[in-house]
Each structure stands twice: as structure tokens, then as C-alpha cells.
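Input sequences plus hints: build the corresponding full structure.
As given, the protein sequences belong to chains A and B, one line each in that order. In this text, residue positions in the first sequence follow numbering that gives the first Met the number 0: the first is 0, and each later residue adds one. In this text, residue positions in the second sequence follow numbering that gives the first Met the number 0: the first is 0, and each later residue adds one.
Since the hints were made in silico from the structure, they are not lab data. Where hints are given, some of them may not hold.
As the list claims (entries may be wrong) - Example chain B residues on the side facing chain A (calculated, C-beta under 7 Å, incomplete):
1. G8
2. I9
3. A16
4. A47
5. I73
6. P74
7. P75
8. G78
9. G79
Unchecked claim - Dumping the calculated DSSO-like pairs for lysine-lysine here, alpha-carbon to alpha-carbon at most 30 Å:
10. B:K33 / A:K116
11. A:K42 / A:K116
12. B:K11 / A:K40
13. B:K18 / A:K124
14. A:K40 / A:K124
15. B:K33 / A:K124
16. B:K33 / B:K11
17. B:K44 / B:K11
18. B:K44 / B:K33
19. A:K54 / B:K18
20. A:K46 / B:K42
21. B:K18 / A:K116
22. A:K69 / B:K18
23. A:K124 / B:K42
24. B:K44 / A:K54
25. B:K42 / B:K11
26. A:K124 / B:K44
27. A:K65 / A:K54
28. A:K116 / A:K40
29. B:K33 / B:K18
30. A:K54 / A:K69
Each residue gets a CB set at the ideal place from its N, CA and C atoms; glycine is no exception.
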Amino acid sequence: MQTQIEIHTEPLNIQSCIDWVMSPDSGGIDVFIGTVRNATKGKTVLKLEFEAYNKMAINEINKISKQAFKQWPVQKVLVHHRTGTLQVGEIPVIIAVSAAHRDAAFEACRYIIDTLKQTVPIWKKEFFEDGEVWVAAHP
Amino acid sequence: MEINILAFGIAKDIFGASKVTIQLSDAATIAELKASLEERYPKLKQLASYMVAVNNEYAESNLVITERDEVAIIPPVSGG
Numbered sequence: 000m001q002t003q004i005e006i007h008t009e010p011l012n013i014q015s016c017i018d019w020v021m022s023p024d025s026g027g028i029d030v031f032i033g034t035v036r037n038a039t040k041g042k043t044v045l046k047l048e049f050e051a052y053n054k055m056a057i058n059e060i061n062k063i064s065k066q067a068f069k070q071w072p073v074q075k076v077l078v079h080h081r082t083g084t085l086q087v088g089e090i091p092v093i094i095a096v097s098a099a100h101r102d103a104a105f106e107a108c109r110y111i112i113d114t115l116k117q118t119v120p121i122w123k124k125e126f127f128e129d130g131e132v133w134v135a136a137h138p
Numbered sequence: 000m001e002i003n004i005l006a007f008g009i010a011k012d013i014f015g016a017s018k019v020t021i022q023l024s025d026a027a028t029i030a031e032l033k034a035s036l037e038e039r040y041p042k043l044k045q046l047a048s049y050m051v052a053v054n055n056e057y058a059e060s061n062l063v064i065t066e067r068d069e070v071a072i073i074p075p076v077s078g079g
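Shown next, in the form of C-alpha cells:
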């Protein structure tokens, strides 16, 4: 049971994430890569800004990872998240999970990204041509 | 007692700062803290929701806070 959780201000490195979760007893690796989309509800997005409450975010991701290990027979879990300004196409998050068999890797990876979006104190602001908005802040 | 409050995301915009200090009676609860903040910053009430974290954990409304605690306002999260 190994976990690597990091919050970076510099671009994330996909290959190094995959390398870290790889192990001889793994039969597969599932990787989720979040990317900055160029539009929200038809409006052009110019860039995103991510902010994190770092200590608590790592704490919360740790809980999610522990829960994943409890629910599925996975071997390694990696979560890297970006903060700062990201342009369209850049990568805010990478989640990589290795397991002996693919079902566990797929399911744990999905659980981790879905739960991260609900509980981890990280925020994004979308910048449009006519203004900016903190995502999900208002009903 | 004086409580320092960290603010993130839209809460930082509402407070106009990443950290504010408020006066509360000793042994105040999270519910009292929220009431006091909402009086000073009514825009908090317009948020979809917001939580308070104490020492890096989400706090229930009946939790009692002290001056030594690290208190933060957590508006709706949107990571990933």
C-alpha cells in the first residue's frame, strides 16, 4: 500500500506519474488526466486559475486514497494536482492507480477523481472574455 | 477571544483578504463563528454552501474553537 500525493506549482509530468505506480506485481495501471477545456456551457474559456489549501487538501486526498485501498485490491495510488494559472490543454490533475487486475484499478481511479471533486479544498476560477467566475461558488 | 480566519477561493474575494480576524466570545462554536461572519460579510449567505475547517478537518457546527486553532473558510470546492 503506497501512496504519493503532491500539489505542484509547475507543470505535471505524466510519464513520471506512470513510472511511480508501475511495479512488477501489477497487471495494469489506470490513469486519469484532467485537462483544461476551452469552453464552459458554450462560453470560451481563456484560462483557469487553481488555488489550494495545501495542507488540508493533502490530508483529504490521503483519506480518499486510504478508502480506495480499503475498497479495492490496488497496489499504488498517485495523485498530483496543479495550482496557479493553467492555459487550455494544460493538466490540472493526474491520478494513477496500479493493481494486479484491471477492474480494481479502473474503479479505484474513478472513485478517487469523483471524490476529489467533492471534498478536497481546491478551487478553480474560470476566465472568460467578459469576466471571471469561481466555479460552483453560487447556486 | 480573537480568531484568525483563512479564506480561499471566493471567500477571499468576499473578505477582501486571505486572512481576517474576528472577535468571538470564549468557547464559541462553529455556528457562532458563521453567524458572526455572515453579519460582517452578508455575501457569504449567497454562496451555494460553505464549510469551516478547523486544524485541517471539516468541522461540525457544534465544535468549540479556541485561539490556538487554525480556522479556514471552505467555499464550494471545484478541484480536478
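Tested hints:
1. Against a cut-off of 7 Å between C-beta atoms, the interface hint on G8 of chain B holds, since the closest Cβ of chain A lies about 3 Å away.
2. Nearest Cβ of chain A to the Cβ of I9 of chain B: about 4 Å, under the 7 Å cut. The hint holds.
3. Because the smallest distance between the Cβ of A16 of chain B and any Cβ of chain A comes to about 14 Å, over 7 Å, the interface hint for this residue is violated.
4. The closest approach between the C-beta of A47 of chain B and any C-beta of chain A is roughly 5 Å, which is under the 7 Å cut-off, so the hint is satisfied.
5. Against a cut-off of 7 Å between C-beta atoms, the interface hint on I73 of chain B holds, since the closest Cβ of chain A lies about 5 Å away.
6. With 7 Å as the threshold, the beta carbon of P74 of chain B comes within range of chain A, its nearest partner Cβ sitting at about 6 Å, so the hint holds.
7. The closest approach between the C-beta of P75 of chain B and any C-beta of chain A is roughly 4 Å, which is under the 7 Å cut-off, so the hint is satisfied.
8. The interface hint given for G78 of chain B is met, as the beta carbon of that residue sits about 3 Å from the closest beta carbon of chain A, less than 7 Å.
9. The criterion of a C-beta within 7 Å of any C-beta in chain A is met by G79 of chain B, whose closest approach is roughly 4 Å, and the hint holds.
10. Taking the CA atoms of K33 of chain B and K116 of chain A, the gap is near 24 Å; set against the 30 Å cutoff, the hint holds.
11. About 22 Å separates the Cα atoms of K42 of chain A and K116 of chain A, which keeps this hinted pair within 30 Å; it holds.
12. With a C-alpha separation of about 26 Å, the suggested pairing of K11 of chain B with K40 of chain A holds against the 30 Å cut-off.
13. Taking the CA atoms of K18 of chain B and K124 of chain A, the gap is near 19 Å; set against the 30 Å cutoff, the hint holds.
14. Distance restraint check for K40 of chain A and K124 of chain A: the Cα-Cα separation of roughly 15 Å lies within the 30 Å cut-off, and the hinted pair is therefore satisfied.
15. At roughly 24 Å between alpha-carbon atoms, K33 of chain B and K124 of chain A fall within 30 Å of each other, so this suggested pair holds.
16. Pair hint K33 of chain B plus K11 of chain B holds up; C-alpha atoms about 15 Å apart against a cutoff of 30 Å.
17. For the suggested pair K44 of chain B and K11 of chain B, the alpha carbons sit about 14 Å apart, so the restraint of at most 30 Å is met.
18. Of the pairs offered as hints, the one joining K44 of chain B and K33 of chain B holds, with about 10 Å between alpha carbons and a cut-off of 30 Å not exceeded.
19. Between K54 of chain A and K18 of chain B the alpha-carbon distance is near 16 Å, which keeps this suggested pair within the 30 Å criterion.
20. Straight-line distance between C-alpha atoms of K46 of chain A and K42 of chain B comes to about 26 Å, which keeps the hinted pair within the 30 Å bound.
21. As the CA atoms of K18 of chain B and K116 of chain A are separated by approximately 25 Å, the hinted pair is consistent with the 30 Å bound.
22. The straight-line distance between the Cα atoms of K69 of chain A and K18 of chain B is roughly 37 Å, outside the 30 Å bound, and the hint therefore fails.
23. At most 30 Å may separate the alpha-carbon atoms for a hinted pair to count; K124 of chain A and K42 of chain B meet this at roughly 18 Å.
24. With a C-alpha separation of about 26 Å, the suggested pair K44 of chain B and K54 of chain A falls inside the 30 Å cut-off, and the hint holds.
25. A hinted pair counts as satisfied when its Cα atoms are at most 30 Å apart, and K42 of chain B with K11 of chain B qualifies at roughly 12 Å.
26. At roughly 20 Å between alpha-carbon atoms, K124 of chain A and K44 of chain B fall within 30 Å of each other, so this suggested pair holds.
27. At roughly 17 Å between alpha-carbon atoms, K65 of chain A and K54 of chain A fall within 30 Å of each other, so this suggested pair holds.
28. Only pairs whose Cα atoms come within 30 Å are accepted, and K116 of chain A paired with K40 of chain A is accepted, the gap being roughly 19 Å.
29. Distance check on the hinted pair: K33 of chain B and K18 of chain B sit about 15 Å apart at the alpha-carbon level, within 30 Å; holds.
30. Of the pairs offered as hints, the one joining K54 of chain A and K69 of chain A holds, with about 23 Å between alpha carbons and a cut-off of 30 Å not exceeded.
This entry does not satisfy hints 3, 22, going by the numbered hints stated previously.
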